[in-house]
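Kindly generate the complete structure, drawing on both the sequences and the hints.
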Amino acid sequence: MRILVVDDNRDTADALAWLLQSIGHETRAAYDGPAALLAVERQPPDVIIQDLGMPQMTGYEIARRMRKLSAARDALLVAVTGNPPPDALRAAKAAGFDHLLVKPLGLPALENLLAQRAPKSS
Amino acid sequence: MLAALPRADYERLSGSLELVPLPLGRAVYEAGGQLDYVYFPTDCIVSLLSVTQDGSSAEIAIAGNEGLVGIALFMGGETTSSRAVVQNAGYAYRAPAALIKQEFNRGGALQLLLLRYTQALITQMSQTAVCNRHHSLEQQLCRWLLLSVDRLPSNRLEMTEELIANMLGVPGEGVAAAAATLQADGLIQYNRGAITVLDRPRLEQRVCECYAVVKREFDRLLHLPGRSEALQLSGFIDQHMDEIVAEWEAFAHTLLPAAATMTSLALRDHARPILQAIAKEIQSDKVQDKSTGGTAATTHGALRHLSGFNLLQLGSEYRALRASVIKLWRSHLAKEHHGALDDLARFNESVDQALAESIASYADELARSRDTFLAILGHDLRSPLAAVSMSGHYLSNAGLLGGKQELQAVARIQRGAAKMDAMIRDLLEYTKTRLGRGIPVVRAACNIGRICEGVVEEMRSGHPGRVFRLGISGELDGLFDSARLEQVFGNLLNNAVQHGAEDSPVILEAHGAPDAISVQVTNYGPAIPADALQVIFNPLVQVPTTGDERNSGSLGLGLFIARNIVQGHGGTLEVESSDAGGTVFTARLPRRGA
Numbered sequence: 681m682r683i684l685v686v687d688d689n690r691d692t693a694d695a696l697a698w699l700l701q702s703i704g705h706e707t708r709a710a711y712d713g714p715a716a717l718l719a720v721e722r723q724p725p726d727v728i729i730q731d732l733g734m735p736q737m738t739g740y741e742i743a744r745r746m747r748k749l750s751a752a753r754d755a756l757l758v759a760v761t762g763n764p765p766p767d768a769l770r771a772a773k774a775a776g777f778d779h780l781l782v783k784p785l786g787l788p789a790l791e792n793l794l795a796q797r798a799p800k801s802s
Numbered sequence: 195m196l197a198a199l200p201r202a203d204y205e206r207l208s209g210s211l212e213l214v215p216l217p218l219g220r221a222v223y224e225a226g227g228q229l230d231y232v233y234f235p236t237d238c239i240v241s242l243l244s245v246t247q248d249g250s251s252a253e254i255a256i257a258g259n260e261g262l263v264g265i266a267l268f269m270g271g272e273t274t275s276s277r278a279v280v281q282n283a284g285y286a287y288r289a290p291a292a293l294i295k296q297e298f299n300r301g302g303a304l305q306l307l308l309l310r311y312t313q314a315l316i317t318q319m320s321q322t323a324v325c326n327r328h329h330s331l332e333q334q335l336c337r338w339l340l341l342s343v344d345r346l347p348s349n350r351l352e353m354t355e356e357l358i359a360n361m362l363g364v365p366g367e368g369v370a371a372a373a374a375t376l377q378a379d380g381l382i383q384y385n386r387g388a389i390t391v392l393d394r395p396r397l398e399q400r401v402c403e404c405y406a407v408v409k410r411e412f413d414r415l416l417h418l419p420g421r422s423e424a425l426q427l428s429g430f431i432d433q434h435m436d437e438i439v440a441e442w443e444a445f446a447h448t449l450l451p452a453a454a455t456m457t458s459l460a461l462r463d464h465a466r467p468i469l470q471a472i473a474k475e476i477q478s479d480k481v482q483d484k485s486t487g488g489t490a491a492t493t494h495g496a497l498r499h500l501s502g503f504n505l506l507q508l509g510s511e512y513r514a515l516r517a518s519v520i521k522l523w524r525s526h527l528a529k530e531h532h533g534a535l536d537d538l539a540r541f542n543e544s545v546d547q548a549l550a551e552s553i554a555s556y557a558d559e560l561a562r563s564r565d566t567f568l569a570i571l572g573h574d575l576r577s578p579l580a581a582v583s584m585s586g587h588y589l590s591n592a593g594l595l596g597g598k599q600e601l602q603a604v605a606r607i608q609r610g611a612a613k614m615d616a617m618i619r620d621l622l623e624y625t626k627t628r629l630g631r632g633i634p635v636v637r638a639a640c641n642i643g644r645i646c647e648g649v650v651e652e653m654r655s656g657h658p659g660r661v662f663r664l665g666i667s668g669e670l671d672g673l674f675d676s677a678r679l680e681q682v683f684g685n686l687l688n689n690a691v692q693h694g695a696e697d698s699p700v701i702l703e704a705h706g707a708p709d710a711i712s713v714q715v716t717n718y719g720p721a722i723p724a725d726a727l728q729v730i731f732n733p734l735v736q737v738p739t740t741g742d743e744r745n746s747g748s749l750g751l752g753l754f755i756a757r758n759i760v761q762g763h764g765g766t767l768e769v770e771s772s773d774a775g776g777t778v779f780t781a782r783l784p785r786r787g788a
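Protein chains in written order, with our numbering: chain L, 681 to 802; chain C, 195 to 788.
Note that these hints are calculated values from the structure, not bench results.
Don't be surprised by glycine CBs; every beta carbon is placed ideally from N, CA and C.
Hints may be right or wrong, so weigh each one.
[Claimed, not checked] Selected chain L positions facing chain C (in silico; Cβ < 7 angstroms):
#	residue
1	Asn689
2	Leu696
3	Asn763
4	Leu787
Take a look at the structure:
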């Protein structure tokens, strides 16, 4: 599966990308909104895992723009946050996310999500 | 006069004092009669009269609350040729003659006071003689009115012209004429046997010098060291310590629930030294520098924090202390001071109210900014922690590590990250509750028995040296937030492991009843003291452990969060603790839609 990880904390983004790679996925990492949008254009991903708290362009804003790109229309869009505000899930869904996960991500939770997506992409 | 006595002297008398009514016209003593009691008027006036053989009389002096009736007794004469008649009805304390003689002979404060009073009385008698001989009837009437009103709580005298005439030893028509003039000038009002003084300053202008001479002498002679000490606040606090502490304590107990378990002793221990320090400071006229070392008040504040008092409650304790002191002091002060003191009390109340409101909002803001800071800290720690955690996963999954030691090191990283994550989770749950959001509860069908099994399994692997027992009975299916309840039971078990005796089991029992499911966590060991039990669910509270180590990884939030989650389910979480029964936490979770 092609997975794009978006997080302004490079270590976090890279760590997740490496972890997913180690279980057999093709991963890339982007560290801000414009880079993420560019990465989507270049190579449409199956899954995008994206931090909500980003500087400049918020996670919601990036999601809305991604959903407008044909390359990301069918991707599974997963929001990640350190401390979700009460209406985070509703706001995330409105922005185009499919799921909301709380940090730190456990491998089982991730694998669960990816398994949902797997049949569609294959 | 009694109020002017030092406390010790007064206490020797007080047991034998008897408050008696003295109606108008009552003869307290007859000329040459036997004196069984000495009378200390409180709000009545007794007139001392010289009586001639044909029965006509003239007043030689009056006695009110500044003095007493019966000086012949301690002067050694045993009896007197004057008569003592109640001129204005009221009450007096009377003391047995023998006791007064005995106290007089001690040679203490009472003797000094009685002798000085006698000298003042002689001045009054001499001045009366001069006044009756040389001054006009109107001046005499003014003197008599002023001296009388000085000894009464009001400006109204219950008197008839005829009685006044008898007192002054002059014809009734003369008194009537003088009274009519004073009334016409608006100085007094006279009707139906009562005289009301309306314009005291002008009455003082009209009177001869005799009034001032007598008053000055009484003020000079009776303004004794004993009296001034009794009126000074520092001395008053020292003398009335018990009363003040009792009042203060009564108030502190109204500050529930924080004070519910507080023993009286806990407050008394501090109230006394605090009050003593205050009394000392008033006397020395300056606040002592306490920058070094703790005072009773310092200790008191710290202990109040431990008892779960908030800033506002702590402040109101001191408000109550001040109000108690002023209230008690007022009742010991002369009436002329009451007005100013009442004003001051009302002013204090208003300032205190404003201060309390400000403290409350300030403390709220302070707490909010602290909680916001903690929320941001928790949030921001999660991102680097995610990097640590996922890198750990990566290393253990990728098969990069061959050696056993490397795998152990990675496992340590993983465990460390998991513990940090649990602490951050607690912290964020706490800030959510504090910032008014509450902990969200998402219900789904689950089985509490299975949740308990899972949690106990985890505890067993985490604490291989400890014994855990699980008891499950009844119908345990229901609609609950299983992840949150895992957290509740985990927190309770962690707490039990931390505080229970190491060689005793930790017991988790779940029982399903028709209306609710109850879950109990029990550990054995020394009981938690009542004071600590009171605040055990408060956030950031660390109940002292049996050993001297603090349970690292515990922020003192576990029980606070557990209770909030149970309450989020509409349930209750309570605790009981005794040496015999151990410490038992009981969560009661009502079924919903069951």
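Q) When the nearest CB of chain C is found for Leu787 of chain L, is that gap smaller than 7 angstroms? A) holds, 5 angstroms
Q. With 7 angstroms as the cut and Cβ atoms as the points, is Leu696 of chain L at the interface with chain C?
A. holds, 5 angstroms
Q | Residue hint Asn763 of chain L, partner chain C, criterion CB-CB below 7 angstroms | A | With a minimum Cβ separation of about 4 angstroms from chain C (threshold 7 angstroms), the hint on Asn763 of chain L holds.
Q. Close enough to count: is the Cβ of Asn689 of chain L nearer than 7 angstroms to one in chain C?
A. holds, 5 angstroms
In this structure, none of the earlier numbered hints is contradicted; all agree with it.
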